[in-house]
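Just add 183 to the spot in the sequence shown (first one is 1) and you have my numbering.
Hints are computed from structural coordinates only; laboratory data are not their basis. Take these hints with a grain of salt, some might be off.
Derived DEER-like restraints, expressed as beta-carbon distance ranges [unchecked claim]:
#1 Ala-353 x Asp-316: 26 to 32 Å
#2 Ser-200 x Arg-270: 45 to 51 Å
#3 Leu-390 x Asp-271: 35 to 41 Å
#4 Ala-353 x Glu-303: 15 to 21 Å
Remember, predicted model here, so these are calculated numbers, not experimental data. Ideal Cβ positions, reconstructed from N, Cα and C, are used throughout, including at glycine.
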Amino acid sequence: MSSGSMGGLKSRKEIVSILKDLKSEMGSLFGVTQLGLFTPPIPGETGVCAIVAFSGDRDILDMASLSRFIEGKVGQRLRIISLMGLRDELKPCILQAEEVTQDDLLIFQREIICSISDIERFCRGMRYEEFIDDEKTCQAVLSLIISIGLFSRCLSDGHMQKYPAVPWHALTALPDMISPCYGTDLRLIWNLVERRLPSIRRSLEALAGMKSTEAQQKRRFF
184 MSSGSMGGLK SRKEIVSILK DLKSEMGSLF GVTQLGLFTP PIPGETGVCA IVAFSGDRDI
244 LDMASLSRFI EGKVGQRLRI ISLMGLRDEL KPCILQAEEV TQDDLLIFQR EIICSISDIE
304 RFCRGMRYEE FIDDEKTCQA VLSLIISIGL FSRCLSDGHM QKYPAVPWHA LTALPDMISP
364 CYGTDLRLIW NLVERRLPSI RRSLEALAGM KSTEAQQKRR FF
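Sequences and hints are given; from them, build the entire structure.
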């Protein structure tokens, strides 16, 4: 008996069968031109994801609507990744099903460093009073802090354990500390920017680098 018939998560084969039958409808409703499935290469992510190409006249709301459409038809949520937005470094493991290596995942470590460097650059020469009065800088810093947390979640537990000097688990919780609904303590944000981020960046810069990979021919579409 299949997992789908038991009421649990559907198998990859079942999902492909459902989406194949809906491909024409998804094209007319949401501008889908290519559609495929892949297993997430990122540590901690499970299940099946969809990789999608859209026609040039579509926007992010079409992508969001497609996500809800697929969820309703398949009976479970699939992460939707746009082909045009796919990182070059991850194309081989997603489009070619090549094995992802630890070096490949270090792109996220490099992104954390870049995000911290951007925060330092945006806030250079500022005082707290100037920071909280500068809405653009505040929003940019909050967005980058969320990115730091999300990038940290992409690294494996083994990698985090190997470098305990970096407060990995605290970094992974950062996105949950910023709340557009309830409000965010900008004094805590500023203290992080001034007192902690520079030393975290230096610790990260002392770790191993990353290996870049060339994009290869696209496959995996049905």
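Hint check, failures only: 2, 3
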